Amino acid sequence: TVSGTVTDKANAMPLPGVNVLVKGTSRGASTDFDGNYTLEVNQGEIIVISYVGYKTQEITYTGQSTIDVVLEEDAAQLDEVVLIGYGSTTKQDATGAVEKVGDEDFNRGAIVAPQQLIAGKAAGVRITTGGGAAGEGGEIRIRGGASLGSNFGATNDPLIVIDGLPIDQRGGAQGSRNALNAINPADIEDFVVLKDASATAIYGSRASNGVILITTKKGSANQPFKVEYGLQASTRTVTNTVDVLNASQFRQVVTDNGGDVASLGNANTDWQDQIYTTGVGAIHNITVSKGYERFNFRVNLNHVSQEGPLNDLYERTGINTSFVHRFLNNDLKLTLVTKAIQDEYDYANEGAIGAAVAFDPTQSVFDENGNYTQYGTSANLAPANPLFLLDNNNYNSRQTIKRVISNFNIDYKFWFLRDLRFNLNAGIDYAENNGYQFSAANPNNSGAVPTNEVSSGLNRNTSLDFYLNYKKDIESINTLVDITAGHAFQEFYIKSFVDRVSATTLTDTDINRNALESYFARASFDIADKYLISASFRRDGSSRFSEDNRWGSFPGVSVGWKLMNESFMENSFFSNLKLRAGWGVTGQQEIGQNYGYLGVYTPSRNNAANIQFGTLPNGDPIFFQTLRPEGFDENLKWEETTQYNVALDFGFFNNRLTGTVDAYYRETEDLLSRVPVPAGANLTDLLITNVGEATSRGIEFSLNGIIAQKENFGWDTNFNLTFQDVEITKLSLSDDPNFTLPTGGISGGVGNQIQILRPGYDPTTFFVFRQVYDDNGNPIAGSYVDVNGDNQITEADRQPYKKATPDAFIGFTNNFRYRNFDLNFTFRGSFGNYVYNNVASDRGNVNAVVNQPGYQANAHSSFLSTNFTNQELFSDLYIQRADFVRLDNISLGYTIPFSKMTLRTSLTATNVFVITEYDGLDPEISNGIENNFYPRTRDIVLGLNFTF
Amino acid sequence: LFVQSCADRLDLQPEDERLTGDAAFEDPEAYKQFLAKIYAGISLSGQEGPAGSPDLAGLDEGFSNYLRLYWKMQELTTDEALIAWNDGTIQDLHAQVWTSGNEFIRTMYSRLMYQVALCNEFLRQTTDGKLDGRGVSQELRAEIQTFRAEARFMRALTYWHAMDLFANPPFITEDDPIGAFLPPQIQREDLFNYVEEELLDIVDDMAAPRSNEYGRADRAAAWMLLAKIYLNAEVYTGNSRYADVITYTNNIIGAGYSIPDIPYFHSFLADNDSNGAQDEVIFTIPFDGLRTQAFGGMTFLTHAPVGGSMNPAEFGINGGWFGIRTTPTFVEQFPGEENSADGRELLYTDGQNKDIMSVATFTDGYAVAKYRNVDVNGNPGSDTTGDHTDIDFPMFRLADAYLMYAEAVLRGGGGSVSTAVDYINELRVRAYGDTSGNISQADLTLDFIIDERSRELYWEAHRRTDLIRFDQFSDNGVWQWKGGVQSGTTTESFRDVMPLPATDLGINNNLEQNPGY
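Chains as they are written, first to last, in this note's numbering: chain A, 609 to 1556; chain B, 44 to 560.
Since the hints were made in silico from the structure, they are not lab data.
Quick caveat, the model's predicted, so the values are computed rather than measured.
Every residue gets a Cβ at the ideal spot worked out from N, C-alpha and C, and that includes glycine.
Careful: at least some of the hints might be erroneous.
Here are some chain B residues the structure puts well away from chain A; computed CB gaps all over 12 Å [to be verified]:
#: 1; residue: 83
#: 2; residue: 127
#: 3; residue: 132
#: 4; residue: 135
#: 5; residue: 146
#: 6; residue: 233
#: 7; residue: 252
#: 8; residue: 281
#: 9; residue: 287
#: 10; residue: 309
#: 11; residue: 333
#: 12; residue: 379
#: 13; residue: 385
#: 14; residue: 386
#: 15; residue: 488
#: 16; residue: 493
When the alpha-carbon atoms are kept at most 35 Å apart in a straight line, the in silico DSBU-like pairs for lysine-lysine are as follows [to be verified]:
#: 17; chain 1: A; residue 1: 663; chain 2: A; residue 2: 1138
#: 18; chain 1: A; residue 1: 663; chain 2: A; residue 2: 1021
#: 19; chain 1: A; residue 1: 1103; chain 2: A; residue 2: 617
#: 20; chain 1: B; residue 1: 75; chain 2: A; residue 2: 1103
#: 21; chain 1: B; residue 1: 173; chain 2: A; residue 2: 1103
#: 22; chain 1: A; residue 1: 1080; chain 2: A; residue 2: 631
One chain only, chain A, in its complex shape:
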């Protein structure tokens, strides 16, 4: 038996809760409040003393009665292992732009979508939620994206790899708001974000927009049996609604403008107040884990129920298991990780959002007969009563997704050459979805019929990869050599079935299969613990391209110089200093479609797309289905992105203050974009083809500080700041510098678009008329700057103006600990981004009220200041600065250490406030067009965590 005290080297204070284990056994103890421990130990055994944030120590027991240990802080945890794709490195040896966000850094709250965990946590990574719906996800952009996005060409979404299995970039499951919801946030150990091409090139043709490696929790060896139960109970409420006229203002507008006064009601209904309710939610997690010497497991059961403010519902039931077994003296390690999830979405009719903005506020919800008030059948283009739309009898839409994500890993060290390792990953991601949607007939149209739709689908992603890794410290040349080479094959199969019965029917099955085959290799050298060099190469083949263009090569090289280890750095001000530089080429091919290089024929998809040829003797027409040849580009190929990265990692004060500055420059060539084909040259007007070029650049700062690290008080902080700039440099084969593609569809007339793609501009640039104002600063309706001076205002006078993507964004997190209390909060901010207020531009005018086809609808309050009669859709008046700083979440916790268990209670508020000049609903809209946006909610979350 041995006992002792563990203290902190920095201040000689005792450290409570330090793990003291006998290596290779399940015997262990942890220190008490005074840092004391007692442990059964035998002669010759090794005692491992470890504590988060400190360097682990090992001491061999040789019969001492007392072993006091002094632990040294290891703030930056430079020897922390970081995954890099088909292998790992350590933080100190990483040469690419790689950032790890661990569970202790995650955002707090009743988080359902895994991407929310790291919002604001990593420089260069921007996560924008899609609104307040139940189960909503979020758009992830790493370094702004190198492609044009899925509306135009290849996706800007990063590749996500879960425990070694690359997930389909299209999500992996149909019928879901956010396919990543399949991963239980409580199971995630960490995210590793690979940002630059030298880091991502090993993922080749899917890596241009960054790679996120998600590792789930697996328990560890020699760990006592542990049971955890977590509950998060939450409420969700809308924080803001669209500003529309109230009933008396509306009455006034109708009266003043010769509207139909007789149709006005006597009520004063705030339709938006009517439709939004408080949603409640609960997340349960039960986890058991235990580690033996050769075997450890972790099993998690979870259930999520989340209501959105429109009474939509998301439910998830999941079981996640991981089993790790080590054989042959730990030379063979088998890992099986399986997640089985059932997701259920009960979607609300989001048409109610726009209907609530537009519906006549003088009408009551119900008429005198107790029916929903409607405009009536002389106005079949009018909005339906918003509450009618939400009523379950009138709209019912559910999707159930059953999904299994499983990965089996074999890791084997060869007995004859123990530096050689074989690693094999066999993974499957299989999802089935079933759903239906019923929507009632338009109540304003007596002839309308309801719609009944049944849908189902299957997504199957099978992956097999293996590699050999040789890692050896060759002392003769003072070099650590790490060489990997492998092969991967992955196939995606997607089947979608729909059976829709309405005025027309559609029964259709689509099948899409595509596959990728890859060879990859990487060699890394660490010379004298000072000079790092790493080179990787991947060769990818894609079924999406013809044999001539099928294969692409994606190299990456990076170097690092651990200045800190140079003799001249001894006694320096720095506690860490490393210079890194990287270059790499990556590809992109996720364009959604599979047979773009083949000319295929599509028959009529339903019998409402037939044409009459001839007449039967009885006079009945004879109908023929049609057969359409599709456009194709036989030369379709990879999009290629070349990226350069330079960076400095630094640390001060014994690495209590650490930071990184990364700067990158990126060029994309053969950009895949859906562009107009030369008229007549193909069997379509727009075709996805390799046409453009884009460049982007950025600087990312990240600072981590441990400000206080006392027994009773701790404070650490993270600040990250990103500057970025994306510009299209070429968009057509002809090099026309003014070539413009309209984008950014808006409402208020069909086919209107507010943004452009044009060389020299950001891909989210707005394209508007410059509004003319009178002496009092009021806009003059229809009066715009005649840019080309032809005395007419035509679309030739529209100008590129501002953009939706920010120039800079920040994240700022603080974690405080005082005795058993903890407090943390995260701010996010965004600067230089603009939003087009489409609700205001569409509805902020008299005609929105009195010149509608057969009805009167409400106007946006902006009308009160503009006094516009008509829509002025393209006025720059509606492009508004949308810089913001948001307190994303704040959480206060209290931990009660009972003798047999620990209870942590916490109270969290999310989306607490937003500071912004933007006067619309929300400044944070991913495409920069605010139009019937599902409002973000504020969640209040009570959390309870029991650990036994």
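The hints should help you fit chain B onto chain A, whose structure is shown.
Just chain B now, kept in the frame of chain A:
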């Protein structure tokens, strides 16, 4: 072995209803289905009715419909029609201030060239070599020869539209590849010669007049198209061809078509394929409320003009779209205006103002009740939801041939003035229900012809071409809101030709913009 099998697994072909070229044509029906696609190119907008799987992606699918766009080009730019909506640059059409960025003009152009590309692909897929390779039966091959003639007719029709609207469009035939090449530009006069040669070359391969299946083109359709290009030859080439107009209108008139003895408005009802109206129709674009659905075409032409106090039930539809009306200039073509004895005056005036103070206000301007989805007894069409209509669009009809004959006579093409007067009076008897509206030889002037064409053929997509031929479209002729001002003003004559879209100029550097743009 593993590596080999993986590489094979990168050779993937569609596994659903889509088929690659040769596989598609294993079914003998595929040839006729492909031909059906070419005809459907005018009426439908994609492979799913009424919308879904669109042919063109550059504009809202409903808007991208061929007939809808062609109608807008021919009518919204003139005194016959204007529209209240706020869709993109649509108001620029009536105001005649369009630019090369106009998406309606752009999509019309894309639609025309897409239609040509479809026809070319059909011709490429039905060469002797291809048919030999696929072992097509002799019987089917004979039929395919007629299909080929019809595909070339449809291509000539579309090239005529392109020649008329854009003058100098890109030019592609079945000899060009698909994909990475830039089509050359053809000059209007050369395109005229090409269309003429094509039509003359296929006319004998076309089915005899009135012998083909309903909905398909026959020899008379080809004659009509020849007559059309000859009538406008002076605009297209600078050289008049009026004698040829007489020749081909005579061919048509002698082919057994007749002006039916039924009221004028019956020709635009849901049962106009069977109520007798079909007797005068030379080339029809059939629609069906259940089987041929699109938000362009007749669905648009029936819903968009209904609004204000008009009762949708009388139009056989579920509601109006509060869009299209007409100008006072058109109203004034009819003696007695909205109270005219001329039965072709189908104006709706209740709650409508004759003058147009605001383009965006549906009730400014008289409404037009020409296309109605009810049969002669007032029963609604087959689509009980009231969305889609059964009305077939009469692209070419005998009345037009009569008026063309009369105009060619007046313009010195030969023929007989008295015959011309007889033809006109045949139309006027139908219009008035008796001979009270008949004209004499003295009344038959070119001024009369342009007005009579409007009275007879309004909203049938002829007006712009007619006004240009009579030099009344741009720098002459004024109607409300032309030029973007309420009283109307003339515009510059370069607007007789539409601009080539800026996007295509940006891609295809073989193209030169039309003058003035």
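Evaluation of the provided hints:
Its beta-carbon lying about 4 Å from the closest one in chain A, residue 83 of chain B breaks the requirement of being farther than 12 Å from that chain. Not every Cβ of chain A is farther than 12 Å from the Cβ of residue 127 of chain B; the closest lies at roughly 8 Å, contradicting the non-interface assignment. Residue placement check: residue 132 of chain B does not keep its beta carbon more than 12 Å from all beta carbons of chain A (closest about 6 Å). For residue 135 of chain B, the non-interface assignment is contradicted: its Cβ lies about 7 Å from the closest Cβ of chain A, within the 12 Å cut-off.
At roughly 6 Å from the closest C-beta of chain A, the C-beta of residue 146 of chain B falls inside 12 Å, breaking its exclusion from the interface. Distance check on residue 233 of chain B: its Cβ is at least 15 Å (rounded) from any Cβ of chain A, clearing the 12 Å threshold; non-interface status holds. Its beta-carbon lying about 16 Å from the closest one in chain A, residue 252 of chain B satisfies the requirement of being farther than 12 Å from that chain. Against the 12 Å criterion, residue 281 of chain B stays outside the reach of chain A, whose nearest CB is about 26 Å from its own CB.
Distance check for residue 287 of chain B against chain A: the nearest CB is about 28 Å away, which clears 12 Å, and the non-interface claim stands. Against the 12 Å criterion, residue 309 of chain B stays outside the reach of chain A, whose nearest CB is about 17 Å from its own CB. A beta-carbon of chain A comes within 12 Å of the beta-carbon of residue 333 of chain B; the shortest separation is about 7 Å. The Cβ of residue 379 of chain B lies farther than 12 Å from every Cβ of chain A, with a closest approach of about 30 Å, so its non-interface assignment holds.
With a closest Cβ-Cβ approach of about 30 Å to chain A, residue 385 of chain B is found to remain outside the 12 Å limit, as its non-interface label requires. Distance check on residue 386 of chain B: its Cβ is at least 27 Å (rounded) from any Cβ of chain A, clearing the 12 Å threshold; non-interface status holds. Every CB of chain A is more than 12 Å from the CB of residue 488 of chain B (nearest about 36 Å), matching its label as outside the interface. Distance check for residue 493 of chain B against chain A: the nearest CB is about 28 Å away, which clears 12 Å, and the non-interface claim stands.
About 21 Å separates the Cα atoms of residue 663 of chain A and residue 1138 of chain A, which keeps this hinted pair within 35 Å; it holds. A distance of roughly 27 Å separates the Cα atoms of residue 663 of chain A and residue 1021 of chain A; the hinted pair therefore holds under the 35 Å criterion. For the proposed pair residue 1103 of chain A and residue 617 of chain A, the alpha carbon gap of about 61 Å is over 35 Å, so the pair is violated. Simply put, residue 75 of chain B and residue 1103 of chain A have alpha-carbon atoms about 30 Å apart, close enough for the 35 Å limit, and the pair holds.
Among the hinted pairs, residue 173 of chain B with residue 1103 of chain A is consistent with the structure: their alpha-carbon atoms are about 33 Å apart, no more than 35 Å. Between residue 1080 of chain A and residue 631 of chain A the alpha-carbon distance is near 24 Å, which keeps this suggested pair within the 35 Å criterion.
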